[in-house]
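S.K.: The lines below spell out each chain.
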Amino acid sequence: MSNGHAETQEGTRPPAASPLLQTKAVSKEYPGVRALDGVDFDLLPGEVHVLFGENGAGKSTLISILAGANQPSAGQILYRGEPVTLHSVHDARAYGISAVFQEFSLIPQMTVEENLFLGAEPTRAGFTDRARIRREALEILDELGFALRPEQRVDHLTRAEQQMVEIAKAFRSDLSVLILDEPTASLTNHETDHLFGLIGQLTQRGVGIVYITHRMAEIRRIGDRITVLRDGAYIDTLDAKTASEDDLVRLMTGRVVGGIFPALDLGEPGEPVLEIHNLSTAGETVVDASMTVRAGEIVGMAGLVGSGKSELMQACFGAGPIESGSVLLKGRDITGNTPRRNIRAGFLYLPADRRNEGLMMMRSVRENVSLASLDIAPFSNGVVLDRSGEVRAVTALAGRLNLSPPRIERAVDHFSGGNQQKAMLARSLTRAYDLIVFDEPTVGVDVGTRASIYQFIVELAKSGTAIVLISSDLPEILHLTTRAYVFYRGRVQAELKADQLTEENVLAHFFEREAA
Amino acid sequence: MAGNTLTAQVQGGAADTVKRLFVKLGILPFLLVIAIVVFTLMSDNFLTPRNLMNVLRQSVYLMIVSLGQMMALLTGGFDLSVGTILALSSVTGAMAMAAFYAAFPEMAGVAIALGCLAGIAAGVSVGVMNGVGVAFFNVSPFMMSLGMASVGFGVALYLTGGVPVYGMPQAFGDVFGFGMLFGIPAPVYVAAVLVLALYAFLNWTPQGRYFYAVGGNLKAASLSGINTTGTLFLTYVLCAFFAAVAGMLLTARLDTGEANIGASMPLESIAACVIAGVSLRGGVGRLENVVLGALFIGLVQNGMNLARIESYLQTVVLGALLILAVIADQIRLRYVASLKD
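For the protein sequence lines, the chains are A and B, in the order given. Here our numbering is used: the first residue of the first sequence is 710, the next is one more, and so on. Here our numbering is used: the first residue of the second sequence is 8, the next is one more, and so on.
Since the hints were made in silico from the structure, they are not lab data. Wrong hints could be hidden among the right ones.
Here are the computed distance ranges between Cβ atoms for each label pair [unchecked claim]: (1) A/V1093 with B/T55: 37 to 43 Å; (2) B/A110 with A/G1098: 52 to 58 Å; (3) A/E830 with B/T24: 47 to 53 Å; (4) B/T55 with A/S1113: 49 to 55 Å; (5) A/E830 with B/M150: 27 to 33 Å.
A quick note: this is a predicted structure, and the numbers were derived from the prediction, not measured. The C-beta atom is built at its ideal place from N, Cα and C for all residues, glycine as well.
From just these sequences and the hints, can you work out the full model?
M.R.: Below, the structure written as structure tokens:
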């Protein structure tokens, strides 16, 4: 045990307590993206340390590094003062570091007990000791108070139950650090209470908890310290008991970005372009949602990830199933139409996940930009491609969007995140669209590119296009939209007109507020 | 000392150039050069115009099948039933041709046309089944084409009872099997027409681009308004069409309809594509390279024959080459990341 690192702490704990787990200037780079930028973080024994920040701020990257699932590009991890290298989740577990990620690491075809002991099956004479697995699985589930049977198959469980298995898995071995990524997202109140009880017991035993949540109530209830991350960088560490919500939001979103938003001098909105009536999707990801978007306005859709805002627009676009309700585009019923028909009718949806849903990573910028418009001029005459017309059009768009470097034949994979995003956004200019939906257009994009993307969106709106901006980024909703709908758990929670668009108002529906 | 460092630098520069060439062109040019050098040293008869024309003629069947296989690979799948399609079209085409010719001996031309049509239709029907399974029911291409390979082979054996089909008009073999025009064998013309047509289709039409898009990112293609189901369906139908044409050409060469031809086609056609740099992950591949890839395999087989390498050992070499090509592709991907352009 070493005690030479106390000076890095800004918390309320007495400096005598030396950190259990600590990172020093940890960075993580992906091709084109700097996900973490020299982050210092420390976790004391027996504390619940909350990580707070927007989507893409680097929280998930940080915990995946702490859990050994990811290796830092630079920087150091110290466990009880000693530098350690965590090559794998297995390595981390050997130090007693366990993580419960949002994406489950369960094997659906296996039973609860098989999953609990996966990779660490107790054996007797070389064979798995099934009796011992059953006994210990029951012990763990009992201790946690989870109503699960060890022999149930995981794919037959509800999401909340799977979450419980995932949590139980972390409790299997001797714990010193437990990492929880929004663990209550799919738990009921009762289950949440139980989990918090357990967290209390663990902290009493000196286990350190790293906890990611968006919910203020939870921070108040179990948090000791809060570290705020933004754009991959460390911002500040605060005392959870005294930090105000406004402070946190300010730190999280960063007021300094004020200058990157263009002036919103849009004219009066025109005719309704998109009308959604009482739309619901299967599995209740969207429930009874209605909204209207007019020509020349930018309508925001705010809410947490999974609140149904993306799913609603995907369903309208034909990329997800509609259970009931109707969608009208310029007065004509488009309910259930395919993306192909919608695109030709003038409705484009640009997905949030450019890598998995938006771009052909190994193909050139040129092919990616022209993809949705190969049936029309200047890209073809309907039958034969016009290669030189395509090159001219895409070169012009690359210039207009400041693609850097301006090499349209280079594979998209080799551009930075911001320039990849530009390649995808350029699609919206390859055809005359009446309605364009931008889903999280600035995720993983640097500040400079953000500014040009905002400018681009406002120009589109000025030219009379109806714009829907889906965003989990609060300043975008506040500064870039003329009207916003706030989603919470699949429902339209509120519609906020321009004069009601304040941080206070949006947040009132955005987070689960403390009883007020 | 100084001399050594200099040599090291020169070597480093040369290695870097080779690395860049490798990243840009893939493994095929290197293999071609090695093969030509090795076989020229092993046999005097190898590097003669006559033998090279032989290689071209022998490679034509594999080349045509590889065109189709490339389509399947481009969309992120593959087709293991190409061999069966070859056999089924050969058997069906030969039977139809022989039957019509027996009934109307004076109408040889019509018999040939009808027979070819029947054979190609039989082959394409396998492709339709593959396409329905993969595109509409989301069956993995592996299972679908493996299953259809068994179904098609069974049907071909059932139709013939396992014996070759005779009785086709003499003219069929004379023209499509052994015919020559300006010193070039007739099948080469057929292959040339197919290659040019597919090249134009893939590179000059929107639908051609969509094959790359579907393999490049299925979800993105769908969100960009591309009919992904139709594209996948078309892929397997076209793949079967090419295999069936190869089947009819091979029938003409053999002068019999055989249920046992084409067994090595799945492996060889995939090898030709992969050696030519077609990605197994889909979305990447160039037709001109696939043509070269098929020629390369023909070249290796021809060279090994001339060098008197036993045919059993030849299969070993072919399998090893395929694996080598896949490993090279992986290494190349790693280099791509470090070089970028």
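S.K.: Is it true that B/A110 and A/G1098 lie within 52 to 58 Å of each other by Cβ?
M.R.: Distance hint for B/A110, A/G1098 holds at roughly 55 Å.
S.K.: For the pair B/T55 and A/S1113, does the Cβ-Cβ distance stay inside 49 to 55 Å?
M.R.: holds, 54 Å
S.K.: Given the hint of 47 to 53 Å, is the C-beta distance from A/E830 to B/T24 inside that range or not?
M.R.: About 52 Å separates the Cβ atoms of A/E830 and B/T24, which means 47 to 53 Å holds.
S.K.: Has the hinted range 27 to 33 Å been met by the Cβ atoms of A/E830 and B/M150?
M.R.: holds, 31 Å
S.K.: Falls inside 37 to 43 Å, the C-beta gap from A/V1093 to B/T55?
M.R.: Distance hint for A/V1093, B/T55 holds at roughly 42 Å.
Going through the hint list in order, the structure satisfies each hint without exception.
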